[in-house]
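Residues per chain are reported as follows:
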Amino acid sequence: MSPRGLNPTLVAGLAILGVVIGAALFAGLLAPYDPNAIAPAQILQPPSLRHVAGTDELGRDMFSRILYGARPSLLVAVAIVAIAATGGVIIGCASGLAGGLADTLVMRLVEIVMALPGLVIALALAAALGPSLVNLALALGVLGIPFYARVARAQTLSLRERAFVRAARAMGASRWFILRRHIVPNLAPTIVVFMSLGLSGALLGASALSFIGLGAQPPMAEWGALVNASRSYILDDWWYALFPGAAVALTSFGFTLLGDGLRDALDPKAGR
Amino acid sequence: MAAFVLRRLGFLVVVVLAVTVITFLIAQAIPGDPARVVAGPRADAQQLAKARHQLGLDRPLPVRYADYLGRVLHGDLGASIVTGRPVLSELAARAPATLELMISALIVGVAGGVPLGVAAALTRGRWPDRLIRAGSALTISVPAFWLGPLLILVFYGALQVLPGSGRLDLDPPPPVTGFLLIDTLLAGDVAAFGDALAHLAIPVLTLALLDVGAIARLVRGQMIEVLGEDYIRTARATGLSEATVILRYALRNGLTPLVTVLGLSIAQMLYGSVVIESIFAWPGDGSYVVGAIFNLDFPVVLGFALVTSVAYVVVNLGVDLTYLLLDPRIREAG
Numbered sequence: 001m002s003p004r005g006l007n008p009t010l011v012a013g014l015a016i017l018g019v020v021i022g023a024a025l026f027a028g029l030l031a032p033y034d035p036n037a038i039a040p041a042q043i044l045q046p047p048s049l050r051h052v053a054g055t056d057e058l059g060r061d062m063f064s065r066i067l068y069g070a071r072p073s074l075l076v077a078v079a080i081v082a083i084a085a086t087g088g089v090i091i092g093c094a095s096g097l098a099g100g101l102a103d104t105l106v107m108r109l110v111e112i113v114m115a116l117p118g119l120v121i122a123l124a125l126a127a128a129l130g131p132s133l134v135n136l137a138l139a140l141g142v143l144g145i146p147f148y149a150r151v152a153r154a155q156t157l158s159l160r161e162r163a164f165v166r167a168a169r170a171m172g173a174s175r176w177f178i179l180r181r182h183i184v185p186n187l188a189p190t191i192v193v194f195m196s197l198g199l200s201g202a203l204l205g206a207s208a209l210s211f212i213g214l215g216a217q218p219p220m221a222e223w224g225a226l227v228n229a230s231r232s233y234i235l236d237d238w239w240y241a242l243f244p245g246a247a248v249a250l251t252s253f254g255f256t257l258l259g260d261g262l263r264d265a266l267d268p269k270a271g272r
Numbered sequence: 001m002a003a004f005v006l007r008r009l010g011f012l013v014v015v016v017l018a019v020t021v022i023t024f025l026i027a028q029a030i031p032g033d034p035a036r037v038v039a040g041p042r043a044d045a046q047q048l049a050k051a052r053h054q055l056g057l058d059r060p061l062p063v064r065y066a067d068y069l070g071r072v073l074h075g076d077l078g079a080s081i082v083t084g085r086p087v088l089s090e091l092a093a094r095a096p097a098t099l100e101l102m103i104s105a106l107i108v109g110v111a112g113g114v115p116l117g118v119a120a121a122l123t124r125g126r127w128p129d130r131l132i133r134a135g136s137a138l139t140i141s142v143p144a145f146w147l148g149p150l151l152i153l154v155f156y157g158a159l160q161v162l163p164g165s166g167r168l169d170l171d172p173p174p175p176v177t178g179f180l181l182i183d184t185l186l187a188g189d190v191a192a193f194g195d196a197l198a199h200l201a202i203p204v205l206t207l208a209l210l211d212v213g214a215i216a217r218l219v220r221g222q223m224i225e226v227l228g229e230d231y232i233r234t235a236r237a238t239g240l241s242e243a244t245v246i247l248r249y250a251l252r253n254g255l256t257p258l259v260t261v262l263g264l265s266i267a268q269m270l271y272g273s274v275v276i277e278s279i280f281a282w283p284g285d286g287s288y289v290v291g292a293i294f295n296l297d298f299p300v301v302l303g304f305a306l307v308t309s310v311a312y313v314v315v316n317l318g319v320d321l322t323y324l325l326l327d328p329r330i331r332e333a334g
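Protein chains in written order, with our numbering: chain A, 1 to 272; chain B, 1 to 334.
Quick caveat, the hints were computed from the structure, so don't treat them as lab data. Quantities reported herein were computed from a predicted structural model and do not represent experimental measurements. By construction, the Cβ of each residue, glycine as well, lies at the ideal position given by its N, Cα and C atoms. Keep in mind that a hint or two might mislead.
As the list claims (entries may be wrong) - Listing some non-contacts, in silico: residues in chain B with all C-beta distances to chain A over 10 Å: (1) 30; (2) 141; (3) 248.
Unchecked claim - Examples of chain A residues lying across from chain B (beta carbon under 7 Å, computed): (4) 44; (5) 114; (6) 115; (7) 234; (8) 235; (9) 245; (10) 248.
Unchecked claim - In silico negatives: residues of chain A with every beta carbon more than 10 Å from chain B: (11) 24; (12) 32; (13) 158; (14) 162; (15) 170; (16) 231.
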């Protein structure tokens with residue numbers, strides 16, 4: 001095996017994500033056209049040297065739209081995971097440190113929410129809040145909280161009994177100090193692995209809701225919305241759906257590799 | 001064991017109540033004032049207050065929830081704003097189409113995923129294992145809303161061997177179960193059976209492909225664990241053939257957790273079917289709810305969430321109980 005921290009899975013994941021994040025950051029420099037520029041003479045052109053990913057029904061350059069589309073697509077995935085992880089870690093640590101009845105109640109609640117089909121509830125919630133990327137991120141993010149809460153609580157419970165935490169407590173350290181200095185830093189690797197694996201699901205979930213029409217609204221070039229717009233043209237204009245969908249698949253694959261790679265690197269016992 | 005079953009049933013009741021609380025709260029989050037709709041746009045404050053009172057909107061939230069719960073328990077999920085018909089019967093009418101799709105996909109997914117997972121476990125670390133693992137990582141990453149159109153493009157557009165949308169082109173058989181594969185056979189209509197099967201092919205393949213990777217991953221992990229057990233070594237040491245060891249000893253124990261995968265797959269498919277049905281114009285609950293979202297037909301959207309959540313929770317209870325029957329260790333521990 002290669003040296004720890006540099007396994008091939010992790011490297012492949014980082015390489016893919018490097019390209020995607022680069023596209024998002026430098027879309028303004030890389031895109032050959034304005035992503036929203038309508039060109040009536042260039043409607044539904046197949047890929048060519050002028051338009052490497054073809055054009056859509058308004059003559060907009062698909063390559064430029066996909067590059068710009070990386071921004072909302074990645075942002076929403078990151079926002080969902082950030083909401084879920086932040087909420088989950090706060091609830092999980094608090095519950096684990098508090099113990100007793102509060103802990104039991106919180107964990108029962110977590111168990112109940114985890115027993116529900118989250119994406120179906122998110123669908124209803126996003127529909128009720130009205131179609132927008134912000135509402136979509138909120139709906140998916142909140143429903144992700146229990147997963148992180150459970151992990152954070154389990155880790156907190158085991159860390160709480162470790163010698164260095166007991167020593168800190170014996171020396172009179174406050175709960176807040178213990179949480180900040182001992183629990184959260186030791187919790188971080190596990191949560192980071194969970195987050196990177198969660199990013200793939202968040203991207204797929206968000207782009208699927210966008211595809212249904214619950215997320216990004218026109219003319220925003222979010223990837224799921226791009227595939228949605230291509231639906232009437234699938235048989236005659238194959239490139240229209242192909243490239244934005246491939247961008248979702250590639251990015252999601254990159255997140256999965258990153259998560260698997262990080263897990264193997266941080267915890268050699270898992271996997272393999 | 002009785003205690004375990006009772007505990008699970010108790011949990012089921014709590015979760016179902018939680019679902020009703022959630023759908024009730026989501027309904028409160030919907031923008032717009034129902035009283036305004038009833039009273040009309042020109043209503044003055046007094047008329048508005050009267051409408052609020054008639055609709056019961058002036059009562060405290062817990063009272064309104066109790067009212068809602070009472071109606072739900074009697075099977076009253078409200079009426080569709082678009083058609084005026086009861087939501088529950090609208091959903092029930094379309095359920096067979098969705099179930100036929102999901103069950104078929106589940107069968108295909110398991111039939112593909114289990115052998116792949118076993119093969120990967122047996123060739124652990126060598127190229128077939130690597131290939132299967134890479135393949136499953138890939139299928140897990142592919143979005144359903146992309147795979148579906150691509151398969152339509154290939155099998156319907158380019159090759160022209162399969163239909164690209166709908167459930168049936170021929171005349172439908174007299175409805176008995178609502179499952180076209182069964183109804184056509186009952187009617188003795190072989191041509192319609194073939195037609196229904198052909199219409200199922202691409203949507204089922206799409207759903208199943210998305211699931212195969214996840215199933216293969218789990219089966220691989222379980223099989224590797226089982227293959228390391230003492231009784232497998234003992235079986236091999238007694239001189240049994242490798243085929244007997246795998247089929248008689250390892251597979252039986254390695255596949256028990258598959259029941260759990262089925263529970264997870266169903267959750268995945270509930271959601272996948274919403275996307276897949278809307279792509280393939282499949283006349284089930286999934287495409288119906290997408291239409292409802294656009295028509296702002298909230299009773300239908302919330303009814304769908306409620307019904308699918310309850311169905312999901314009940315299926316998972318069934319999964320747990322099946323697991324209990326299959327695995328004596330859990331049965332004893334109770």
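Item to check | Structure versus earlier hints, numbers of those that do not hold, lowest first | outcome: 1, 2, 4, 5 and 16
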